[in-house]
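Top to bottom, those sequences are chains A and B.
UniProt numbering puts the first sequence at residues 1 to 276.
UniProt numbering puts the second sequence at residues 1 to 435.
No lab work stands behind these hints, which were simulated from the structure alone.
Every residue gets a Cβ at the ideal spot worked out from N, C-alpha and C, and that includes glycine.
Hints are not guaranteed to be accurate.
Simulated crosslink set (EDC-like; lysine to aspartate or glutamate; CA at most 20 Å straight-line) [as the list claims (entries may be wrong)]:
#1 B/K323 with B/D32
#2 B/K142 with B/D123
#3 B/K253 with B/D272
#4 B/K253 with A/E41
#5 B/K219 with B/D231
#6 B/K253 with A/E39
#7 B/K435 with B/D206
#8 B/K125 with B/D104
#9 A/K70 with B/E50
Computed far set for chain A versus chain B, every beta-carbon distance over 12 Å [what the hints assert, rightly or not]:
#10 W18
#11 T105
#12 W157
#13 A212
#14 L256
#15 F261
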Amino acid sequence: MARNVSVQTKIGFTIAAWAIALLLFSPILWVVLTAFKTEAEAIANTPTFLPQNFTLENFGAVQDRSDYFKHAFNSIVVSVGSTLLGLLIGIPAAWAMAFAPTKRTKDVLMWMLSTKMMPAVGVLIPIYLIFRDLRLLDTLQGLTIIMTLINLPIIIWMLYTYFKEIPIDILEAARMDGAELYNEIVHVLIPMALPGIASTLLLNVILAWNEAFWTITLTSGRAGTLTAFISSFSSPQGLFLAKLSAASLLAIAPILLMGWFSQKQLVRGLTFGAVK
Amino acid sequence: MKLLTLVGAFTLALAASASAQTLTIATVNNGDMVRMQGLSSAFTEETGIELNWVVLEENTLRQNVTTDIATNGGQYDVMTIGTYEAPIWAKQGWLAPLDALTADASYDVDDILPAIRSGLSLDGKLYAAPFYGESSFIMYRKDLMEKAGLTMPEAPTWEFIGEAARAMTDRTADINGICLRGKAGWGENMAFLTAMSNSFGARWFDENWKPQFNTPEWKNTLDTYLSLMADAGPAGASSNGFNENLTLFQQGKCGMWIDATVAASFVTNPTDSTVADKVGFALAPDNGLGKRGNWLWAWSLAIPASSQNAEAAEKFIDWATNKDYLATVAAAEGWANVPPGTRTSLYENADYQAAAPFAKMTLDSINSADPAKPTVKPVPYVGVQFVAIPEFAGMGTNVGQLFSAALAGQMSADDALAQAQDAVTRDMTRAGYIK
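Next up, chain B with everything else stripped away, as it sits in the complex (with noise of 0.2 Å):
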């Protein structure tokens, strides 16, 4: 009998009460996240609605929400997604429109950068609020470029870039012309590979989802990666993502690193990083055919169309994501650690100029990727590094995989294009693009 009163004590207990209103958010573990959750008390105290915060992984979040929301479950009611969800969810009806935030005035949703709002857009409805955006530029060695005799132009080209990473490497000082991603994912070598082969000329399928890895630019791309690496690259590179390279970069073992402009205030920062006052910003690549090889991305909080409490998570997202925001954060944390990447007016700001030496880079970055139109010749697709349909994230890390295993020498470049053609065909077959 004990047992038995001990399980119902246990089952029983603890049923959560709500008496004031709660709203609650699925968010990542990034550095501008976890510093609103800090500042979020204030909200709290000058609307009286409590929040409960839900903070994972990248991947677990992107699986909780996406069951969620798929199964109308109703457990969040704001949600952290990034530009490739939300014109998906947004199509599936899955997002309530942000139309009361649109039509407030003092939001300014104009002031939003264009590329990042036409991202999170879906036939001019805005979908989601960004949070931060990010894109991709060159970070160098200053000191590296100028031992080499080589000067970094401000738009640098891919032959450019090729060049100097193979005179800015010394391998018995253990330093490293460049290091790029290789690591397979969707949002890992495949973030940048696909960013680069915009700048080739190259696409994921022209303008009836034919896959076109069996084309010269995706070839181009691919060749000159590789050939790249294997003279200019650190070992084992095909198992390096953001933060392998982030670690590298700080040791002072990269020459150059193309990579997300969130990283700037990282390299930048002395306590972290031996190499902090020495770093100079380029905008990324190109080959002369109007596309760089940037990519864009925001991380948006958005709210999903089973939430039972909308109104209250749009008050949540118009505090944490206008122009206030920004001066409360600048207030508590100084302008160097203002959320980056959404609004003009931030980049108009003299103090945040004077504190952030890379956000004019960051800027030209942002604008010069247009996710309605990323390639040099058209697409059906939206999405600068992604191509914004469901069944991309498995493709994607699919080709990301041979891509990876041809860095790592296990196929020639050929084999793993003709078995990215193959891959991607059987699977825009299947899924009904290719009729």
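Chain A on its own, in the form it takes in the complex (with noise of 0.2 Å):
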């Protein structure tokens, strides 16, 4: 039964909910507003909030600097992919740990869980080595490996916490119609908790697209993703804020675009199970 709300507490809960929400957005909007600014506006003293003289100069400065489509192609290349691979990995693991799960499972997902608490820059130098050796530096497989490793405790965890909440029942239903491993994963398993997949899918993109550390660092160029394109428009001497902005703006359009698009579908994965 639903519980009897007054009309004000509706009221405050949502002015409250737009004020989060504005106040979580203001940093983009920033950024959206300036791109359109000129330099002299954007680093002015007393601020415009709205462009005075609106201009598209920036988005032609950055495009004839710097090749936008090669690194957004480099960009979708290794958040698709590491995630790609990611699920590959990360659902027979989550699989293992939450159908057949032995005394030290809870450990291991600790243990995975703590590479996250590192600070990436302590295994800058081994892994730079690492890569050197195996030429692996400046190269989308690279890339696509490294995001991969980063991000796969966190595509176990929540495929895990996904799996744990689907009934063991129905799967040892399927076993005793006779489907193997393969097809219980594959046909049983992965159709019910795909708005669970769909969400990690999502989140992990998401986090590859912006992943800047190692993105940056292990690339020279070739492999450089929109994460690179941006830092090239920071400048320790001169006008740059507007030329920055732009920069941004067409680096977070397609994951923003994506974003507005599956909302539905990442708000359903992460708040699946939360109330059955």
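Hints are included, so try docking the two chains, each in its own frame, into the full complex.
So this is what it looks like as structure tokens:
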């Protein structure tokens, strides 16, 4: 039965929700507005809210100096590729932990998560040396592998949580009917956990898309992603804020659109199983 | 199975095919570098060597190229480095000496300004070729100076600067007599303060690497800076760096600004600057001790010892830093846009002198800085606004934070100096300089 909520409370919560959402969105809004200002206006001491001299020249300047589409293509390959590779490894791993746990399963999960607790720069030199020796520096393959490894703990944790919500009886019923392990996972488990898998996929594409430390450090031009593209527009001497904003806007536009369209799926997946 | 095929396709796709010789060049996003990138197709046409540009923000660039060069990674064939890195990396054996270039008569290495050349050399060998050089000087508002009833000498003293800054300040009209760097960092406020301290007779270390922050010279430097900023500086100065002060000056909020000579072309550019026709220039101030408070920096091109394409890389460096390149830029974009501060011949060129009113002052500022003998008293290090040892970046930033806190009023000058002395002594002892 629904709880009785007074109109005032409802209005109060709605206002609070909007306020928080606007607060979170304000830096992005500022980037969007700045991208259409001139350099002088972008850094003016009394900031203007809306562009006074609306201009598209920043986008022209950005594309002139750098190849947006090459970087965008690299970003798509690395984020989608690493997420698919991660799911390929993560689904069987999460299956094992959810449906065939041992007494050490919890420790293994914790141990995986612990790899996320170390600052990335702590392993920079070993990773760099390995990449150098395997000739993976500045390659999309190398970036895809490192991104998979970085996000794998999150993928496994998320999938494990979703799989735990699925009654094991259904899988056992499938086994009784003679389904092999492959069929059990592909034809029974995956369709049932699809919302969870989809939200894992979306979240990891976003995480890989935004990753800046490794994508900048391990590339030098050929395999550079959009994070390296943005980084190239900052300058210690001279005006650059409007161009940097234009570059940022171009870089976040695809992922913003993707998030927009898959919003329903994302929310459903993230709250999947929260209330039974 | 579909999933597997997709993954396979993504991971196996797109191995870079390199048929022609390709050089990977790491550089920063400064105007002169961007211009070089734009003009570089001429080099490719001439030599058939393809160029792969990596443009990064200064600190990211420093981290990337340091990682690569320290691990012998070989990602880059040409690196853009400064006068701080050049002698340190050369000493480590990380850079290939530019012997062929210095031996080439048409390159005319003797034309390079002596102060810049000495900052990029180790034991007489050149390890990086200067692309553009800069010093620091005073930019001031001629109209405000006149209003204050003063005349800026060509080579003012700190006493005059203090007097002028206070006289030009008009808090009601939001005009600050002087704008100086306050943002913490070895390349931020410490570049300015270390150069300033040279003119006060201070030094980072004595001949035995003992830190000198407990000396009256440093106290005098910091007291002068803090009182000047309190009386005539802008609000919130402790977070101001080059770009923040540039904006203030361009919008007419500063009477004077002491910073990089490269700023001259920004503040006199009428599209961005509201005071473009009112700017005068003068040498950085001194105290009559024989050293001025100006620094010396050169963004330079170097070849890492790990490069597989050293010969082609040297060809590129030749193209980008020889006299012909200056003429190429002049033909394409005018003499005012030529990278300054590297060659004597540029300053003898009448066209350049006409196009750049700040040319002579820039040259005099560069010539008056001596990285080999930066201070009044002798020191065991090279570098004007820095100390060319690997430990300096960390120490400089620590001390910069203390001085920035003093500027923000969070601690006294004496506390900042005492803590700086302790911190630097500890670091130098740990690094083995102090036995």
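Cross-check of the supplied hints:
Restraint check: the Cα-Cα separation between B/K323 and B/D32 comes to about 15 Å, which is no more than 20 Å; the hinted pair holds. Taken as a hint, the B/K142 and B/D123 pair is broken in the structure, with Cα atoms around 44 Å apart against an allowance of 20 Å. Between B/K253 and B/D272 the alpha-carbon distance is near 14 Å, which keeps this suggested pair within the 20 Å criterion. Between the alpha carbons of B/K253 and A/E41 the distance comes to roughly 16 Å, so the proposed pair stays at or under 20 Å and holds.
Distance hint between B/K219 and B/D231 is fulfilled; the C-alpha atoms sit about 18 Å from each other, no more than 20 Å. Restraint check for B/K253 and A/E39: satisfied, since their Cα atoms lie roughly 18 Å apart, inside the 20 Å limit. Annotation: proposed proximity of B/K435 to B/D206 holds, straight-line Cα distance about 14 Å (limit 20 Å). In summary, the hint linking B/K125 to B/D104 is supported, as the alpha carbons are separated by about 14 Å, within the 20 Å threshold.
For the proposed pair A/K70 and B/E50, the alpha carbon gap of about 17 Å is at most 20 Å, so the pair holds. Listed as a non-interface residue, A/W18 keeps its Cβ farther than 12 Å from every Cβ of chain B; the least gap is roughly 32 Å. Non-interface call for A/T105 relative to chain B: holds, since the shortest CB-CB distance, roughly 25 Å, exceeds 12 Å. Residue placement check: A/W157 keeps its beta carbon more than 12 Å from all beta carbons of chain B (closest about 20 Å).
For A/A212, the condition that its CB be more than 12 Å from all CB atoms of chain B is violated, with the nearest at approximately 9 Å. The beta carbon of A/L256 sits about 23 Å from the closest Cβ of chain B, which is more than 12 Å, so the claim that it is off the interface holds. Annotated as non-interface, A/F261 keeps its C-beta farther than 12 Å from every C-beta of chain B; the closest such distance is 20 Å.
Comparing the model with each numbered hint stated earlier shows that hints 2 and 13 do not hold.
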